[in-house]
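For the record, the sequence lines run as chains A and B.
Residue numbering for the first sequence is 583 to 1015, as defined by the working numbering.
Residue numbering for the second sequence is 203 to 722, as defined by the working numbering.
These aren't lab readings, by the way, just hints derived from the structure by calculation.
All clues stand as given, with none of them false.
Subject to a maximum C-alpha distance of 27 Å in a straight line, what follows is the list of computed DSS-like cross-link-like pairs (lysine-lysine):
| no. | chain 1 | residue 1 | chain 2 | residue 2 |
| --- | --- | --- | --- | --- |
| 1 | A | K734 | B | K530 |
| 2 | B | K530 | B | K560 |
| 3 | B | K529 | A | K734 |
| 4 | B | K529 | B | K560 |
| 5 | B | K359 | B | K530 |
| 6 | B | K359 | B | K560 |
As the structure is a computational prediction, the values presented were derived from the model and not from experiment.
So the chains spell out like this:
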Amino acid sequence: MTGSHQTEAARGCTEYAELSRRGFLAASGLAAAAVAAPAWLPRIAFAKDYRSSMRDVIISIYLRGASDGLTMCVPYGDNAYYSLRPTLAIARPDSSATDKATDLDGFFGLPPAMLPLLPAYQAQRLAIVHACGSTDASRSHFDAQRFMEVGKADDPTLLTGWLGRHIANIPPLNPSAVLRGVGLSTGLARTLVGAPDTLPIANLSGFNLAGAQTSRTARRMVIDNMYNGTLDPLKAAGLTTLQTIDTLANISFSTYQPSGGANYGTSAFGSSMKSVAALLKAQVGVEAVAIDVNGWDTHTNQGNISGTMAALMASIAQVLAAFDTDLTSGPTQPSYIAVVMSEFGRRAAENGSAGTDHGHGNCMLVLGSAVQGGRVVSQWPGLAPGQLYEGLDLDVTIDYRDVLAEICAQRLGAPDLSVIFPDYAPTFRNIVA
Amino acid sequence: MPHATVMDHGAPAASQSTEDAPPGKLAAPSGPAVARRALFGFGALAAAWSSAKSVAAPPRVPADIEPNSLLVRLVSRLTMGLTTEEHALANALGYQGYLEYHLNHTAIPDTALDTMLADQVRFSTLTMTYEQLLQVAAGQAANECIEAAIFRNVYSKRQFFERMVEFWSDHFNIDIAGERTSRLKPIDDRDVIRPNALGNFRTLLHASAHSPALLFYLNNDISVAGNPNENYARELLELHTMGADGGYSQQDVAEVARCFTGWTIWRDASGAAAGTFRYNQNVHDTGQKTVLGNVIPARSAAAGIQDGLDVLNILLDHPSTARYVSKKLCGWLLGRATPQATVDAVAGVYTTSGGDIKAMIREALRPNNLAAAEMKFKRPWHLFVNCMRVVPTTITNTSQLRSRLITAGQPRFGWPTPDGYPDHVDYWVGNVMPRWNFGADLMNSNQPIGGISVNTTGYFAGLTTAPQVVGRVSDALEGGEMPQGERTLLENYLQPTPTSVTQQREVLGLAMSSPSFQWY
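Between the sequences and the hints, there should be enough to build the whole structure, so can you do that?
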């Protein structure tokens, strides 16, 4: 047994010993640390049966502000797209334009900014689900996000997130895990609310108590006892935080070297995903990660080829591609599935401000080794006037819950989808194996 | 009978008996104050999905709350953190007197703060026009605006006014990040939010609709006839007035957007009035519109500004607005679980008073409502300011403090989307490490938070035993209501020498990290 659990417990603090119970179990069931492990790996060892469960770690990525799915995955085969978007459309693949779509399947194409994901698509690790999303009709960011994240439409009494309930409803992937879910943010996304052993941690490195080193252990024990004596949710937050100190302290995020030459770039999202890669490779039992990418509410100056939207797309494409490379190269390859979603799409027709207003249908991205990728999964409703939702927007022909439910059932070991998506009977689309 | 003191007496002015009973008469060994603390927190969050569709309802304080607890709670709700000074004031004035004292904020002398804000080196931009702000370095106006907010919240005697400024800053949220909003939001704070924070909601809404910062932030500045931008129109309905379930349609949003075409800003290079509100009749949609069933007649371009004014008045008169704004105000003052009857009563006051914010607050803060309210979780801004208020804190530079606020999740005026910072525990509760560390670093004698220093000389003067020292901490931070379990742990920490300055400061830091201090 290594690590500071033993140190703390040995101080004779009974409350702490009880709290360390899971920490003890963590160490006792584990094999000795692999001698060849890289320096950034935790000093605690891995459970041998970690991979045998065949459950993926899920990375839930939310594009806040309503991303323009008609740009992220271009329906160039639909002529109406070009009349709706006289200045914002991405040119057809056969166009003579310099900046144009790259064909995916004869109907859809990727804009230049999304091309970093083309290799993953071609390797059949990336699937795009189009004309997909929530059926929430409000066009309100905040209602749409909320109801999408809780997993049920128009129910203001449901406060926990779909992923939070999923985690609460399954045994831990790693019985010794102190941290099962993490949001790379300063507040917990609704998606993860309700998940046990879950924290928002914006920066995974340097996670420790401040103050004088000489009194840190004693102060930690006071905090531990104070939080042990209070009630949830603050109790759980406090105790999980203390336990997570040791878990994260054993991973050297700052010196982490991605595998396969993966380049995450310099964006905040890239830094977060690089940390997530280190976290997953450390195999400490994290099974759900939520990350937000802000800034998609492009009412003005959307900038499909260069500008706001293009920069956002380029960033997520590069980072996702790097993450995929990183986790499928090198000696440690945690099984993961990443899903990218947004609250709704944008108006089919561009507005007078070189932007787009709030719309309806959108696209989702699903990336991972178990994805049956290389496809755009869609029941395309069309963009002609009579085909638009309320005469304005791309319709939703695949409910976002179909995608998430299939992932939960097929890759996350969900025993009961009705807990995750109440009052909804999902249709699987064979997006994952 | 003591417990009669929190009965609702109808007209607030009649509830004078609330505060008169001496607290000592009511304190029992395991009395209500302890019971209240024991109720902190929610039921098991993780298990909630199986038993019900939602997380467990927040606990309620028993209606037989003792008067001191009720006063402590009132002080905590009206200020950015109880201090011994505010606690004594509340004891002197009583429940209703203390509330009225803070509602009548302009009568509260604030000379110490005024002197700080008069520092023309530190605060050179607070009174500037947009054109003047264009002549100073990018970011300076925003920095000074945020720094002024820190000084006001920590040092102002008009504490409740600042609480309401925070509330309306969320309600009409504008992200200060960005080249234009970094100069426009400070003006909005000065000219829209602060003058109306304890005024009239009708005036406030009209002022916000004319706010260059808001019109720019929500893209109305480029909304033109034939191709309106819906962003402001939608958030006006959804966030500022009726609420998402208030009963408007997409068609209403589109029509409201048409009404507001031409509500814009004089551009930077346009001359004398740059950065001020402009109604540009040249791009206004002059056709007839229908908003929530009300016909807005076709008007000449010159008279077309009346369309938007009509919309504002239609919204202000709408019962959904009365309900939505009242519910949100009750959420701020009392908590999310405020009974519908209380919200309805506040909405009734909204209607009868014509949007008088003080009258709505009086209705919401009837003693029984506060006595029955759930505990609220301090957001990071609240917590940090609170920490700096309970120990003698000198602020010479705020850059590291602002960095801490970012880490904790709540930089001032920094929420990116127009809904404002969340005000519910499940969003904030998990990010406790920056909260703990702020208290620890604030009280660290090495002063690791640059620009912020705390002087505890004399803070524990004459106190020699651990219970005395911790008793002082409980009085200073929680009005004497720190739960016994926490007190015992802190007393034990002070062994063997309760007079060690380092340990005393660390105990203050630990108290700032305690579960009980996270709530108000």
